[in-house]
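Undergrad: With the hints as extra help, turn the sequences into a complete structure.
Below, each chain spelled out in residue letters.
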Amino acid sequence: MTTTDATQGAPAARDAAAIDVQDLHKHFGENEVLKGIDVQVARGEVVCVIGPSGSGKSTLLRCVNLLEVPTIGRIFVEGVEVTDPDVDIDALRSRTGMVFQQFNLFPHMTVLQNLCISQRKVRKRGKEESVEVARRNLAKVGLAEKESAYPAHLSGGQQQRVAIARALSMDPDMMLFDEPTSALDPELVGDVLAVMKDLAAEGMTMMVVTHEMGFAREVGDKLVFMDDGVVVEEGLPSVVLSDPQHERTRAFLSKVL
Amino acid sequence: MPLTKRKRAAYLRYAQYVLILALAAVVVLAADWGVLRDKFFNPDIIRDQFPDVLTVALKNTVVFTACGFAFGLALGLGLALMRLSSVGPWRWLSTGVIELFRGLPALVVFLALGVGFPRAFPQYEIPGGQLGTATLALGLVGGAYMAETIRAGIQAVPKGQYEAARTLGMSHSRAMVSVVVPQAFRIVLPPLTNELILLTKDSSLIYILGLSLDQYELTKWGREGMNSEANLTPIIVVGFCYLIITVPLSIVVRRMEAKAGRAR
Ligand SMILES: Nc1ncnc2c1ncn2[C@@H]1O[C@H](COP(=O)(O)OP(=O)(O)O)[C@@H](O)[C@H]1O
Ligand SMILES: [Mg+2]
Numbered sequence: 001m002t003t004t005d006a007t008q009g010a011p012a013a014r015d016a017a018a019i020d021v022q023d024l025h026k027h028f029g030e031n032e033v034l035k036g037i038d039v040q041v042a043r044g045e046v047v048c049v050i051g052p053s054g055s056g057k058s059t060l061l062r063c064v065n066l067l068e069v070p071t072i073g074r075i076f077v078e079g080v081e082v083t084d085p086d087v088d089i090d091a092l093r094s095r096t097g098m099v100f101q102q103f104n105l106f107p108h109m110t111v112l113q114n115l116c117i118s119q120r121k122v123r124k125r126g127k128e129e130s131v132e133v134a135r136r137n138l139a140k141v142g143l144a145e146k147e148s149a150y151p152a153h154l155s156g157g158q159q160q161r162v163a164i165a166r167a168l169s170m171d172p173d174m175m176l177f178d179e180p181t182s183a184l185d186p187e188l189v190g191d192v193l194a195v196m197k198d199l200a201a202e203g204m205t206m207m208v209v210t211h212e213m214g215f216a217r218e219v220g221d222k223l224v225f226m227d228d229g230v231v232v233e234e235g236l237p238s239v240v241l242s243d244p245q246h247e248r249t250r251a252f253l254s255k256v257l
Numbered sequence: 001m002p003l004t005k006r007k008r009a010a011y012l013r014y015a016q017y018v019l020i021l022a023l024a025a026v027v028v029l030a031a032d033w034g035v036l037r038d039k040f041f042n043p044d045i046i047r048d049q050f051p052d053v054l055t056v057a058l059k060n061t062v063v064f065t066a067c068g069f070a071f072g073l074a075l076g077l078g079l080a081l082m083r084l085s086s087v088g089p090w091r092w093l094s095t096g097v098i099e100l101f102r103g104l105p106a107l108v109v110f111l112a113l114g115v116g117f118p119r120a121f122p123q124y125e126i127p128g129g130q131l132g133t134a135t136l137a138l139g140l141v142g143g144a145y146m147a148e149t150i151r152a153g154i155q156a157v158p159k160g161q162y163e164a165a166r167t168l169g170m171s172h173s174r175a176m177v178s179v180v181v182p183q184a185f186r187i188v189l190p191p192l193t194n195e196l197i198l199l200t201k202d203s204s205l206i207y208i209l210g211l212s213l214d215q216y217e218l219t220k221w222g223r224e225g226m227n228s229e230a231n232l233t234p235i236i237v238v239g240f241c242y243l244i245i246t247v248p249l250s251i252v253v254r255r256m257e258a259k260a261g262r263a264r
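Going down the list, the protein sequences come from chains A and B.
Number 152 in the numbering used here belongs to position 152 of the first sequence; there are no gaps in the numbering.
Number 53 in the numbering used here belongs to position 53 of the second sequence; there are no gaps in the numbering.
Worth double-checking, as some hints may not be accurate.
[Stated by the list, open to error] When the alpha-carbon atoms are kept at most 30 Å apart in a straight line, the in silico DSBU-like pairs for lysine-lysine are as follows:
| # | chain 1 | residue 1 | chain 2 | residue 2 |
| --- | --- | --- | --- | --- |
| 1 | A | Lys35 | B | Lys159 |
| 2 | A | Lys124 | B | Lys159 |
| 3 | A | Lys127 | B | Lys159 |
| 4 | A | Lys197 | B | Lys201 |
| 5 | A | Lys121 | A | Lys255 |
| 6 | B | Lys7 | A | Lys121 |
[Stated by the list, open to error] Covered stretches of chain A, as calculated for chain B (at least 3 residues, CB under 8 Å):
| # | stretch |
| --- | --- |
| 7 | 165–171 |
| 8 | 187–200 |
| 9 | 212–222 |
| 10 | 246–256 |
Worth flagging that the hints you see were computed from the coordinates, not collected in a lab.
Don't be surprised by glycine CBs; every beta carbon is placed ideally from N, CA and C.
TA: Structure below.
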């Protein structure tokens, strides 16, 4: 199967970027939301995407694991072209963890069941192995004692950490975050960012849509500023944030900083 | 002296109590209690009904209804998933089946399966005899209604749930089975229980199929008893038996709805 070949590292694939988006266009009917995006994420790199609401950040992220189907353009994940109609999309998604603004934990399952279900059904792991992996990841996000709780009984910050642990339990090659802290009360944001920072330190490849400029500056290897469906500017976070080259970047940063 | 609003409301309420009491008095005085007791609540006949009205008739009603409901639930879920399919012909087929069996009176469905089918296809037979035919007929009638209820329930599950499941690598069907449908069922439990109440009553149409003595369900039992005793008491007994099933069910529905209301 092509996806596993690529991740287990044929020499050619090893040189490829983890995520390579080439000339991506996305239309919703008449509305062109992405107007030719090129973005690369190298292995182990943390790329933060910022930009005004409606600029197409979520759509870009959702195109990477085909929650949205690109209209034009090519996307490679670990050297495999995901826009190729023959690609095994379920296998691809199972190696690409995604964390949503609204957590999207399964409310009818306990925390442990949330972490085990796709290990069992998709990875075909046995019960014991999946529970062991789940407990390891829960401990990692600092919620080992919550394994039998239902999501409704957790705070937003705890739910988001469980969602991260759930994605990690599939042993993904990379993680996509879509404004993971935007739905949280301010005092809960720090815990989630701390988990993400640890993940970055372990070398996880991450693409993070965020409004947390402090996180982008401290943890990000690259900052991408999007506006109105195009990448306006990208570069080292400290450089882009302190010395933006474009008027639109300056205008946006003056509003959020 | 002008009445305050509150006083006027109080007087109006008393007036209504008086009216209700007066109506009750008229009924009590006008009724011929001797005849009523003899023809409707005859203690000897009531005694004769037991225990068979419970062990045969009530049991059969429960069995017919349970089988019809179980089949209808499976059918309804299948139709709902077809209705939401991206494949056109599935959608058209399920819409056709739903509209057909929602639009026909249950009696017509029973006649079609019980009388029409054997004449149209004498060489075939619906498996399971009377119980099989009743299950099929009740299931088709109930399933058509439940399909629309379940579809609405599935659509009420937030889209993010499905997307999160797919993001974890689950296939469409796995995401539906493990994530979306279980949540949809919680949402539609009260309306499904209402459907169970309706099916309990629709099971009275099974008499069309022609039943042997040990297959009598409540309504058939009551009618036969009424004819042989020339007395309405068996019907009254049977009526109470229906209420034994339906009233607890509607209390359950009300509880579930109150609970769902609180959770919101
Ligand atoms: N499923 C959809 N159907 C139609 N329009 C959409 C859909 N998803 C997003 N859009 C539109 O695309 C634009 C970009 O949305 P989005 O990617 O969510 O922006 P951002 O995440 O940067 O706020 C918005 O104008 C939004 O209305
Ligand atoms: Mg967004």
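Undergrad: Lysine 197(A) and lysine 201(B): Cα distance at most 30 Å?
TA: violated, 62 Å
Undergrad: Holds or violated: are the alpha carbons of lysine 124(A) and lysine 159(B) at most 30 Å from each other?
TA: holds, 25 Å
Undergrad: With a cut-off of 30 Å on the C-alpha distance, tell me whether lysine 35(A) and lysine 159(B) pass.
TA: Holds. Lysine 35(A) to lysine 159(B) sits at ~26 Å (cutoff 30 Å).
Undergrad: Verify the coverage statement for the stretch 212–222 of chain A against chain B, using a C-beta to C-beta distance below 8 Å and requiring 3 or more qualifying residues.
TA: violated (count 0)
Undergrad: Are the Cα positions of lysine 7(B) and lysine 121(A) separated by 30 Å at most?
TA: violated, 68 Å
Undergrad: Just to make sure I understand the rule, a stretch counts as covered if three or more of its residues have a C-beta closer than 8 Å to a C-beta of the chain. Does the stretch 246–256 of chain A meet that for chain B?
TA: Coverage by chain B is violated for the stretch 246–256 of chain A (0 residues, Cβ < 8 Å).
Undergrad: Would you check chain B against the stretch 165–171 of chain A, counting CB to CB pairs closer than 8 Å, and say if three or more residues qualify?
TA: Held - the stretch 165–171 of chain A has 3 residues with a Cβ nearer than 8 Å to chain B, which meets the minimum of three.
Undergrad: Sort out whether lysine 255(A) lies within 30 Å of lysine 121(A), counting only the CA atoms.
TA: violated, 45 Å
Undergrad: Are three or more residues of the stretch 187–200 of chain A within 8 Å, CB to CB, of chain B?
TA: n = 0 at 8 Å, threshold three: violated.
Undergrad: Check whether the Cα positions of lysine 127(A) and lysine 159(B) lie no farther apart than 30 Å.
TA: The given pair, whose Cα atoms are some 28 Å apart, holds under the 30 Å limit.
Violated hints for the displayed structure, listed by number in ascending order: 4, 5, 6, 8, 9, 10.
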